[in-house]
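Go ahead and model the full structure; you've got the sequences and the hints to work with.
Each chain is listed here by its residues.
Protein chains: 2
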Amino acid sequence: MSLIVMKFGGSSVGTTERMGRVAQRIVDKKLQGDRVVVVVSAMGDTTDDLIDKANDINANPPAREMDMLLTTGEQISVALLAMAIHKLGHSAKSYTGWQAGIVTEPTHGKAKIADISPERIFSSLDEGHIVIVAGFQGRTEDGEITTLGRGGSDTTAVALAAALKADVCEIYTDVDGIYSTDPRVVKCARKLDEISYDEMLELAHLGAAVLHPRAVEYAKHYKVNLVVRSSFTNNEGTLVREEAQMEQGIVVRGIASEKNVARISVMGVEDVPGVLAKMFGALADHGIDVDIIVQSGVQDGKADFSFTVSMADRAKALDVLAGIKAQVPYRDTTYEEGLVKVSIVGAGMVSNPGVAAQMFEAISSVGVSIKMVSTSEIKVSCIIAAESVQEVIRALHTAYGLDTTDTAFVGGPSERR
Amino acid sequence: MSLIVMKFGGSSVGTTERMGRVAQRIVDKKLQGDRVVVVVSAMGDTTDDLIDKANDINANPPAREMDMLLTTGEQISVALLAMAIHKLGHSAKSYTGWQAGIVTEPTHGKAKIADISPERIFSSLDEGHIVIVAGFQGRTEDGEITTLGRGGSDTTAVALAAALKADVCEIYTDVDGIYSTDPRVVKCARKLDEISYDEMLELAHLGAAVLHPRAVEYAKHYKVNLVVRSSFTNNEGTLVREEAQMEQGIVVRGIASEKNVARISVMGVEDVPGVLAKMFGALADHGIDVDIIVQSGVQDGKADFSFTVSMADRAKALDVLAGIKAQVPYRDTTYEEGLVKVSIVGAGMVSNPGVAAQMFEAISSVGVSIKMVSTSEIKVSCIIAAESVQEVIRALHTAYGLDTTDTAFVGGPSERR
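Sequence order for the protein chains is U and F. Numbering of the first sequence is given in the UniProt record's numbering, commencing with residue 1 and proceeding in unit increments. Numbering of the second sequence is given in the UniProt record's numbering, commencing with residue 1 and proceeding in unit increments.
No wet-lab data here; the hints were simulated from the structure. Everything numeric in this text was worked out from a predicted model, so none of it was measured. Wrong hints could be hidden among the right ones.
Derived list of chain U stretches under chain F, where covered just means 3 residues or more per stretch with a C-beta under 8 angstroms from a C-beta of chain F [unchecked claim]:
1) 9-23
2) 94-108
3) 172-184
4) 269-280
Short, incomplete list of chain U residues facing chain F, as computed with Cβ under 7 angstroms [unchecked claim]:
5) Gly-44
6) Gln-75
7) Glu-141
8) Asn-225
9) Val-227
10) Leu-318
11) Leu-321
Some residues of chain F that are not near chain U, with every Cβ distance over 10 angstroms (derived) [as the list claims (entries may be wrong)]:
12) Ala-82
13) Lys-93
14) Gln-99
15) Ser-230
16) Asp-304
Ideal placement from N, C-alpha and C gives every residue a C-beta, glycine not left out.
Set out below in structure tokens:
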């Protein structure tokens, strides 16, 4: 008998009818003889509706009260899903985060899970119930209600799977697996059978919104076998695990892109020790998430450097920079909006030199100029203008031999390496 | 410095704008120097909407899951109200029932409060916060989420007032106090300055829906001073307390009516010991609330008796009677629907004989026949046909000198006694 954690996102339970289909799917799993723990998100637009309600009342609501408000969304889901399962003649018990023993750090809005006490879930399973746990939420040691932030339900599912030592954690979503790139952009995108945690992590961070990065980190840390699959079909999904099997000749596993990127450049910064720490420390203190940072060299004791932030943070970032000009002197700032980050990801890169050069070549071959570059062990990212993103991704997809038809491999990647 | 519990019902916080007005009202109280604990119900139709959602999924949902579902309504209210108070520049902390230390018996759907641990509320008050508690809900000792049933938020407020030893518990509602009868029926209905717990209890049970009977029982038991007042005006409300001051010459404090009553008569029941206990025990086991029971005598070892139930329970009650005919033999049953119970209530009745007779006289004076009668220390109830209820109430209101104009007292009640 296996112990399976199944996680369903908000769109999978967005309507009464979908809720019923999810219930049937859960019951089918139970009828296979498995012990089943289910994690659910808030239905459809519930969370956004609650946020709108809050903003109607207070444009700047306290984080503690937002957590009180938003956690109701998942509580509604778990109760209704339990009812749907009872309707099918099976018994289910729903639990909020605090009831399920999910203890978080004392932060509101994006708390990290500190501990899970799974006794109550185990005893419900022992009594033969299907257990349904509200995703995205927990409680602090002091009994305050917290949320795990966006994508938190994935994290709940993986953390529960780890605490329960589940055989597998299945993430049901509206796509049927992880693709080599967005199939809406590249028609011949291929569904991957397997992918490693690290690769998935890079893809997740890069805007492949299927799995939340924190959930993948958790899975990697606790070695939880993750399966990403569709809640609407019975297709096999993608298995995310420690060492994914490499397909012959495939160095790059996937291509991801992230929209709404802004570049900010700070020119003529005094090159004294600690200047970068002060500047990026100040940005971090204001909650601004800085992605790529590039510094090209020092001239006459002054440095120019550039970094990227989301377009939503651009104005705030410039304000912060203006505010610290007295402590961190610089000549000027410029910025550019409407950019996109395109990244290639693959654990095979480490042992295959020339992958980055091949990327630059593919991008220039479609006449697009690269504005910034950043590399890591298993990833190369380029910042380009938004309007070129689709043709760039298509070119990269072909260049790295990812196109799904067999003929795509003729004279494939090895030639280009 | 006083400690005040303020309770706001669902219609008082039904819209963003109303929520804002309630927040202002709470802040005003705090600015008077009081320590303020607020109890709120679910906004407007939230509870009914959630019930509809549940019924869409499962027409017969488990009570445990209904409690999980419905408690989200109040949790949304408390979070939003706390935000509205923050918006006014004051600090508020919201708490669910379990966070507020409200422990109930282990029953779902209509749990009774077993205990309240008010430490957390006290420490929030000590830190200078306004405390906002979700009404209608609690947790069992085992950590199951429970609800107190309809009207439960009143009970939460009174129970908290008792546990916190509050100076007063103010129930804000959409009427500005307790009236001698429904002002929509009798224009010259008078608002009462004071009323005793017992009188209020009779009125509450009799369909004067302003306060839930259980809340009044709680208030009586713990001697909590209750004030019923409007959330929309600053008018003084009605004080409910142990011994209400008697107005000169007023024996009957109020007149209440209850619609949708059905009478069931059971004829030719074997008059053996225990027969009534068996019959009404069976009805109670099926959750049928029997109100008035009348037995007129025994003839030839057989008895006829009649009782009233709500029209919604009528068919079920007849089914139960049919089901127990083997153990409790009787000849036949009849029933009548579309009845109303009209009651006069007043603590002064005890020492004023003839009050009942005066009631029968007033009813017959408008040509209405009485179908059943039931009396208690402070109440007389008559069952009449629904179509006559308004003229009967008006006649009784005048007969007992309750009309609000001064001239109503000319030749007032004493003459009629």
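Would the least Cβ to Cβ distance between Gln-99 of chain F and chain U come out above 10 angstroms?
violated, 6 angstroms
Over 10 angstroms from every CB of chain U: does Asp-304 of chain F meet that, or does the non-interface label fail?
Answer for Asp-304 of chain F: holds, closest chain U Cβ roughly 44 angstroms.
Status of the hint placing Asn-225 of chain U at chain F (closest C-beta pair under 7 angstroms)
violated, 30 angstroms
Closest C-beta approach of Val-227 of chain U to chain F relative to 7 angstroms, hint status:
Given a least distance of 27 angstroms, the restraint on Val-227 of chain U is violated.
For the segment 94-108 of chain U, do three or more residues have a beta carbon lying closer than 8 angstroms to a beta carbon of chain F?
holds (count 4)
Return the status of the interface hint for Glu-141 of chain U: holds when the least beta-carbon distance to chain F is below 7 angstroms, violated otherwise.
violated, 13 angstroms
Would you check whether the claim that Ala-82 of chain F is not at the interface survives, using Cβ distances to chain U and the 10 angstroms cut-off?
violated, 5 angstroms
Residue hint Leu-321 of chain U, partner chain F, criterion CB-CB below 7 angstroms
Since chain F brings no Cβ nearer than about 30 angstroms to Leu-321 of chain U, farther than 7 angstroms, the hint is violated.
Test coverage of the segment 269-280 of chain U by chain F using CB-CB distances below 8 angstroms; three residues minimum.
violated (count 0)
Under 7 angstroms, Cβ to Cβ, is where Gln-75 of chain U needs to be relative to chain F, so tell me if that hint holds or is violated.
Holds, because the Cβ-Cβ distance from Gln-75 of chain U to chain F comes to roughly 5 angstroms (cut-off 7 angstroms).
Per the CB criterion, is Gly-44 of chain U less than 7 angstroms away from chain F?
violated, 12 angstroms
How about the segment 9-23 of chain U: do at least three of its residues have a C-beta closer than 8 angstroms to a C-beta of chain F?
Since three or more residues must qualify, the claim that chain F covers the segment 9-23 of chain U holds, with 3 doing so at under 8 angstroms.
Checked against the numbered hints given earlier, this structure breaks hints 3, 4, 5, 7, 8, 9, 10, 11, 12, 13, 14; the rest are met.
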